[in-house]
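Protein chains: 2
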Amino acid sequence: MSEELGLRKLPGHLIRRLQQQSVSVFTERTKAAGFDLTSVQFAALDTLEKAPGIDQASLAKRIAYDRATIGSVIKRLEKNGLVSRLPDDKDRRAFQVSLTPQGHCLLEKIRPIVLELQNDILPDLTETERTTLLGLIEKALKPAG
Amino acid sequence: MSEELGLRKLPGHLIRRLQQQSVSVFTERTKAAGFDLTSVQFAALDTLEKAPGIDQASLAKRIAYDRATIGSVIKRLEKNGLVSRLPDDKDRRAFQVSLTPQGHCLLEKIRPIVLELQNDILPDLTETERTTLLGLIEKALKPAG
DNA sequence: CTATTTTTGTATGTACACATACTAAATAGA
DNA sequence: TCTATTTAGTATGTGTACATACAAAAATAG
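Keeping their order, the protein sequence lines are chains L and W. In terms of full-length UniProt numbering, the first sequence opens at residue 1 and continues consecutively. In terms of full-length UniProt numbering, the second sequence opens at residue 1 and continues consecutively.
Derived from the structure by calculation, the hints contain no laboratory data. All C-beta atoms, glycine included, are put in the ideal place defined by N, C-alpha and C. Take these hints with a grain of salt, some might be off.
[Claimed, not checked] Below, computed lysine to aspartate or glutamate pairings styled on EDC-like, alpha-carbon distance capped at 20 Å:
1) Lys142(W) x Asp36(L)
2) Lys139(W) x Glu129(L)
3) Lys139(L) x Asp124(W)
4) Lys142(W) x Asp124(L)
5) Lys139(L) x Glu138(W)
6) Lys9(W) x Asp120(L)
7) Lys9(W) x Glu129(L)
8) Lys142(L) x Glu127(W)
9) Lys142(L) x Glu129(W)
10) Lys139(L) x Glu129(W)
11) Lys139(W) x Glu127(L)
12) Lys142(L) x Glu28(W)
13) Lys9(W) x Asp88(L)
14) Lys9(L) x Glu108(W)
15) Lys139(L) x Glu127(W)
16) Lys142(W) x Asp89(L)
17) Lys9(L) x Glu127(W)
18) Lys9(W) x Glu138(L)
19) Lys9(L) x Glu116(W)
[Unchecked claim] Pair by pair, the computed Cβ-Cβ distance ranges are:
20) Arg92(L) x Thr38(W): 36 to 44 Å
21) Lys79(L) x Glu138(W): 38 to 46 Å
22) Asp120(L) x Ala33(W): 34 to 42 Å
23) Gly71(W) x Gly53(L): 39 to 47 Å
24) Pro87(W) x Gln102(L): 24 to 32 Å
25) His104(L) x Asp66(W): 30 to 38 Å
26) Thr126(W) x Pro101(L): 46 to 54 Å
Just need the whole structure built from these sequences, with the hints factored in.
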């Protein structure tokens with residue numbers, strides 16, 4: 001009857017392409033606004049503003065990354081002067097990570113841009129469709145966020 | 001009224017986490033079946049079976065990747081003996097990429113596993129919800145696939 | 001209090017993912 | 001035909017993304 005179940009119809013393929021489109025919009029819009037920040041870096045900064053002094057493992061859990069990836073993301077952000085790390089007195093293994101003034105400043109400037117570009121990730125969907133899609137994704141996601 | 005629009009409700013974040021879950025299921029299932037192949041590698045092999053002798057740029061376009069990424073994917077597949085590259089007589093810049101017998105063999109063995117794991121990417125959705133979600137993603141995707 | 005287990009951060013290695021730039025070759029325009 | 005543009009593949013560099021393994025420290029079990 002209908003066409004064979006091809007690769008391009010598979011959930012895994014469609015989801016990857018959607019993520020690709022999402023990252024592409026993020027990069028284009030933020031770059032066009034004069035910023036050089038990845039979406040992971042934004043997520044880290046945003047979370048650090050809401051939970052200052054958090055440790056890297058907790059930060060990783062909050063935004064659903066592994067410790068290793070967050071470690072290198074934080075290292076870059078620190079190198080660029082956007083976050084600072086203080087040794088934790090209570091736990092000598094851990095660091096308390098916080099935004100620097102520059103980090104705060106950058107976040108305030110870039111946040112409206114990031115919020116605005118969210119609509120451009122799914123431009124061909126109606127408002128209703130977008131809500132449906134996001135609701136289904138939330139339902140499909142295993143806990144941890 | 002409702003909660004502030006937090007990071008964890010943003011389309012970009014939700015889509016990234018869905019892709020994360022998708023890749024995770026792919027890796028777990030294929031590894032559990034004794035294979036060591038990424039989803040990109042599978043996509044390349046699958047496409048090469050349907051379009052033998054295609055060049056790298058066309059392959060990249062078909063599965064929505066850039067030339068550079070496909071170049072290194074093909075290099076690895078060739079190193080592992082799964083694909084072969086022949087210089088194209090008509091276009092001396094290009095290669096005709098094809099599956100080797102091992103590539104064919106591996107693809108036949110892994111394909112049913114990949115098809116089956118697709119349902120496990122979205123295990124908490126009903127059949128109807130899954131269809132809706134995938135339909136919306138297809139609609140949201142810009143052409144090229 | 002000691003021994004086991006867990007946890008924090010780092011190091012290493014693999015594999016995307018893509019921007020940019022480059023060479024060689026093909027194509028289009030004049 | 002001759003030039004300008006486009007295209008195929010590669011090289012380089014940055015930044016995830018994550019598995020695995022490790023040392024130091026903390027938490028737990030006995």
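For each hint, the structure was consulted:
no., hint, verdict
1, Lys142(W) x Asp36(L), "violated (25 Å)"
2, Lys139(W) x Glu129(L), "holds (10 Å)"
3, Lys139(L) x Asp124(W), "holds (7 Å)"
4, Lys142(W) x Asp124(L), "holds (8 Å)"
5, Lys139(L) x Glu138(W), "holds (19 Å)"
6, Lys9(W) x Asp120(L), "holds (15 Å)"
7, Lys9(W) x Glu129(L), "holds (16 Å)"
8, Lys142(L) x Glu127(W), "holds (17 Å)"
9, Lys142(L) x Glu129(W), "holds (16 Å)"
10, Lys139(L) x Glu129(W), "holds (10 Å)"
11, Lys139(W) x Glu127(L), "holds (13 Å)"
12, Lys142(L) x Glu28(W), "holds (15 Å)"
13, Lys9(W) x Asp88(L), "violated (31 Å)"
14, Lys9(L) x Glu108(W), "holds (19 Å)"
15, Lys139(L) x Glu127(W), "holds (13 Å)"
16, Lys142(W) x Asp89(L), "violated (51 Å)"
17, Lys9(L) x Glu127(W), "holds (15 Å)"
18, Lys9(W) x Glu138(L), "holds (8 Å)"
19, Lys9(L) x Glu116(W), "holds (14 Å)"
20, Arg92(L) x Thr38(W): 36 to 44 Å, "holds (39 Å)"
21, Lys79(L) x Glu138(W): 38 to 46 Å, "holds (41 Å)"
22, Asp120(L) x Ala33(W): 34 to 42 Å, "holds (39 Å)"
23, Gly71(W) x Gly53(L): 39 to 47 Å, "holds (44 Å)"
24, Pro87(W) x Gln102(L): 24 to 32 Å, "violated (53 Å)"
25, His104(L) x Asp66(W): 30 to 38 Å, "holds (35 Å)"
26, Thr126(W) x Pro101(L): 46 to 54 Å, "holds (49 Å)"
Hints 1, 13, 16 and 24 from the list above are not met by this structure, while the remaining hints are.
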